[in-house]
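In order, the protein sequence lines correspond to chains A and B. Numbering that gives the first Met the number 0 puts the first residue of the first sequence at 0, with every later residue one more than the last. Numbering that gives the first Met the number 0 puts the first residue of the second sequence at 0, with every later residue one more than the last.
Just to be clear, a hint being listed does not mean it is correct.
Reference excerpt, derived from the structure (chain B facing chain A, CB under 7 Å, subset only) [to be verified]:
id : residue
1  : W126
2  : V135
3  : R139
4  : I141
5  : P162
6  : P173
7  : A189
8  : V194
Per label pair, the in silico range of CB-to-CB distance [stated by the list, open to error]:
id : chain 1 : residue 1 : chain 2 : residue 2 : range
9  : B       : A148      : A       : V75       : 36 to 42 Å
10 : A       : G144      : B       : D32       : 50 to 56 Å
11 : A       : A66       : B       : T41       : 40 to 46 Å
Stretch-level coverage of chain A by chain B, calculated; a stretch enters the list once three of its residues show a Cβ under 8 Å from a Cβ in chain B [unchecked claim]:
id : stretch
12 : 22 to 29
13 : 72 to 84
Hints in this document: simulated from the structure, not taken from any laboratory. Where a beta carbon is used, it is the ideal one built from N, C-alpha and C, also for glycine.
Number of protein chains: 2
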Amino acid sequence: MTPGTARPGGRTARNTAAVFVATLDEIAVRPYDEISIESIATRAGVHKTTVYRRWRTKADLVSQALAAAAESLIEVPDTGTVDTDLRVLCRSVQAMLASPRGAATTRSVLAGAAASAEIRSVMAEFWATRLSAIAVIVDRAIARGEVPADTAPGPVMNAMAAPLYYRLLVTAEPLTPADADRAAAAALAAARAGVFAAE
Amino acid sequence: MTPGTARPGGRTARNTAAVFVATLDEIAVRPYDEISIESIATRAGVHKTTVYRRWRTKADLVSQALAAAAESLIEVPDTGTVDTDLRVLCRSVQAMLASPRGAATTRSVLAGAAASAEIRSVMAEFWATRLSAIAVIVDRAIARGEVPADTAPGPVMNAMAAPLYYRLLVTAEPLTPADADRAAAAALAAARAGVFAAE
């Protein structure tokens, strides 16, 4: 077994979980450039070498902690229709962004991204990975004939998520389940109209 | 004449322009909480009392500088069709966000918003004002029968702008004129499908 590989229920898995929680806690409470592997290790109650052994850089660690949180918080629905899949996914994103912790973490990560090209590149990679996980919703919709066959998943997912992040980050308006439903419906209407055809 | 009222071409107008430029420069280069009326006055080459006489708080000044920049950078088009109006508006937003200064200012303001409830409230007010300026595009589209009569302007404008800010701030992807055209087309398709009906 490779050193540092997570065994479910084992010490490595427990340490990983503790380090990820500590990473997100650090992100939620202080600017990205004030966070260090050391501050995360201290918060997680593990030795810093335990963290360094597995993640060489803060960017690696933040990227993986975000990916793990996204996977556990935002399940990819498979309800049988694209309408419901998109609405359920959008509701999950909205619930995450509307929660105090979700809002604080998101604002904090993105403030970090504003100040650092490194964290922007972490974010870009994170979103590319997330996109490949949720693209399956569009693939299934195409297979069922619910959207045009040449619909590109990326723009659909961006169109769906963007209005929610925009309300949180830009217009600072409240974020409700009705906003989620509207974002999902708008993305689907545009997809059906052929706006998101692959180029 | 009220003290501090801008006379076009007069000393007050020149001072106002210099203070607004200095405010946006400060926003683009340092975190919001490190900016002060004093640092803006120094950069603008005016005495700080000149600034304080007209703007009581940093939030007032930032809000007005942003509004002035938005008005001068983003003209509200009136081309005769909603398709073109939305595409032109979206291209202006995209060009602003894709420029190094526009990107830096936007990131900086929004990083400030992440850290400060005050700047979030400035932003919310700024966006509400901007919305009322561009809502006329939707009003004209309704009058021409191009979108359903009960279309609410706010969601249309959010749907159009959101994917552009999302690419800049969240996914950190490049922002091209093609993205602008797609965002405009998606917002219009959803509007035509009745997704943005007023509640």
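Outcome of the hint check:
1. W126: holds (4 Å)
2. V135: Check failed: Cβ of V135/B comes no nearer than 19 Å to chain A, outside 7 Å.
3. R139: Result: violated, 21 Å to nearest chain A Cβ.
4. I141: The hint is violated - I141/B has no Cβ within 7 Å of chain A, the shortest such distance being about 18 Å.
5. P162: holds (4 Å)
6. P173: The hint is violated - P173/B has no Cβ within 7 Å of chain A, the shortest such distance being about 10 Å.
7. A189: holds (4 Å)
8. V194: Cβ of V194/B sits 5 Å from chain A, so the hint holds.
9. A148/B - V75/A: 36 to 42 Å: holds (38 Å)
10. G144/A - D32/B: 50 to 56 Å: holds (53 Å)
11. A66/A - T41/B: 40 to 46 Å: Hint holds: Cβ distance 44 Å, inside 40 to 46 Å.
12. 22 to 29: violated (count 0)
13. 72 to 84: violated (count 0)
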